[in-house]
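Student: Assemble the dimeric complex from its two separately framed chains, guided by the hints.
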Amino acid sequence: QVQLQESGPGLVRPSETLSLTCSVSGYSISVGYFWGWIRQPPGKGLQWIGNIYHSGRTNLNPSLKSRVTMYVDTSKNQFSLNLSSVTAADTAIYYCARVLSDIEARPPNNWFDPWGQGTLVTVSA
Amino acid sequence: DVQMTQSPSSLSASVGDRVTITCRASQRISRNLNWYQQKPGKAPKLLIYGVSSLESGVPPRFSGGESGTDFTLTISSLQPEDFAIYYCQQSYSSPITFGQGTRLDIK
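For the protein sequence lines, the chains are X and S, in the order given. Quick note: the first sequence uses our numbering, first residue 217, plus one each step. Quick note: the second sequence uses our numbering, first residue 1142, plus one each step.
Derived from the structure by calculation, the hints contain no laboratory data. C-beta: ideal position from N, C-alpha, C; glycine also. Everything hinted at is true.
Here are some chain S residues pointing at chain X (derived, C-beta under 10 angstroms):
| hint | residue |
| --- | --- |
| 1 | Leu1174 |
| 2 | Asn1175 |
| 3 | Tyr1177 |
| 4 | Ala1184 |
| 5 | Leu1187 |
| 6 | Gly1191 |
| 7 | Tyr1228 |
| 8 | Gln1230 |
| 9 | Ser1232 |
| 10 | Tyr1233 |
| 11 | Pro1236 |
| 12 | Gly1242 |
Once the Cα atoms are required to be at most 20 angstroms apart in a straight line, the calculated SDA-like pairs of lysine to any residue come out as:
| hint | chain 1 | residue 1 | chain 2 | residue 2 |
| --- | --- | --- | --- | --- |
| 13 | S | Lys1186 | S | Val1160 |
| 14 | X | Lys260 | S | Asp1246 |
| 15 | S | Lys1248 | S | Asp1158 |
| 16 | S | Lys1186 | X | Gln333 |
| 17 | X | Lys260 | S | Gly1182 |
| 18 | X | Lys292 | X | Ser241 |
| 19 | S | Lys1180 | S | Phe1203 |
| 20 | X | Lys260 | S | Pro1149 |
| 21 | S | Lys1186 | X | Leu336 |
| 22 | S | Lys1186 | S | Phe1224 |
| 23 | X | Lys260 | S | Thr1146 |
| 24 | S | Lys1180 | X | Gln263 |
| 25 | S | Lys1180 | S | Thr1215 |
| 26 | X | Lys281 | S | Pro1236 |
| 27 | S | Lys1248 | S | Arg1159 |
Take a look, some chain X residues computed to stay more than 10 angstroms from chain S by CB distance:
| hint | residue |
| --- | --- |
| 28 | Ser271 |
| 29 | Ser296 |
| 30 | Thr338 |
Here chain S stands alone, though its shape is the one from the complex (with noise of 0.2 angstroms):
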């Protein structure tokens, strides 16, 4: 299986930071790498697909990108609404797999 390891696991921040969230594949995914947003009781939500592909409806303070095995998710100016889990997912081999995800609160 392909492991996703997410760093950090948690983090610290406050309203209008900038933060990046890190995930390594342990082997090449290409380019099949999706990220997700999880609020307490609620059941993840779509924010980008294909590393760089915002999904409709999601604000643009949040990126990804890639380098190597090691992609990332940007979220340029921290707002309220944007303390969450965060969570990659691969689709390159079977079984589809995720990170341990990466918890933001506010510090």
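One chain only, chain X, in its complex shape (with noise of 0.2 angstroms):
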């Protein structure tokens, strides 16, 4: 059973870098799939930022793409979420998930199963 656990600072001063980390348990994410990072500000809607693959590969939103950086440590079985420039719209909770695909639908969809518990980030000095 795949389960993952986000971590990382729950509290960010504004202009500075949100670094979080998504532990994958029960599978080996060098064997595959995409895995990606959601947020949602409290009360709100959820905002896809980006997925990542076991080679380093990305899709980024493009509205967040210019602060945004991940990557992938197959050692730790780990993935790693690197937002710059953080500001008080940053203020969310982070999920990560694993993405699943219908590769025979064109395009391909994907869906995001499952999802970490989240880790609320605050931005504020």
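Tutor: Rendered as structure tokens:
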């Protein structure tokens, strides 16, 4: 059974870099799948941040692309998110998730399952 | 970006009711449409992928359908554990986008 767990600071200062790690258990990320990050401002909806493949290839949301870096550490079975130059608008619950695909669909249909429990990151001085 | 608009935004219903939530895409998204359920303080949980494929373990009272650019999530007979927020999500074009959510409350 695949499980994901986010970790990282709960408080980040404005203009600094938010760094989160997602630890995966029950599956070796070096085998395959994309892995994704999604965020949810408190009381609001979901925003996709981006996906990363075990090779390091990424698909990123253009609205965040200039500030986002993702990377994979297969030796630790983890993948990570860095979001630079944060502001209060980046305050959110950050979720990591496995990305599943129906490759027979054109284009492939991608969905998120399972999700980590989420971690709240607050941007404040 | 593909806009996903859910209706209604909130809904009150009773145990045993049949309810339908609609998600409309701003452009064609083929069958690249998925549904999630989120309970307070929890991560979203996948219910349906590819319009109508039920995720393993999800009760069969949940079903998904489509009509053009409109997609539906139907719960045939509401159970107490179904009161939650429901989100649709498209993956036809990047960026992946979600609907704004439909809050389903107990009447």
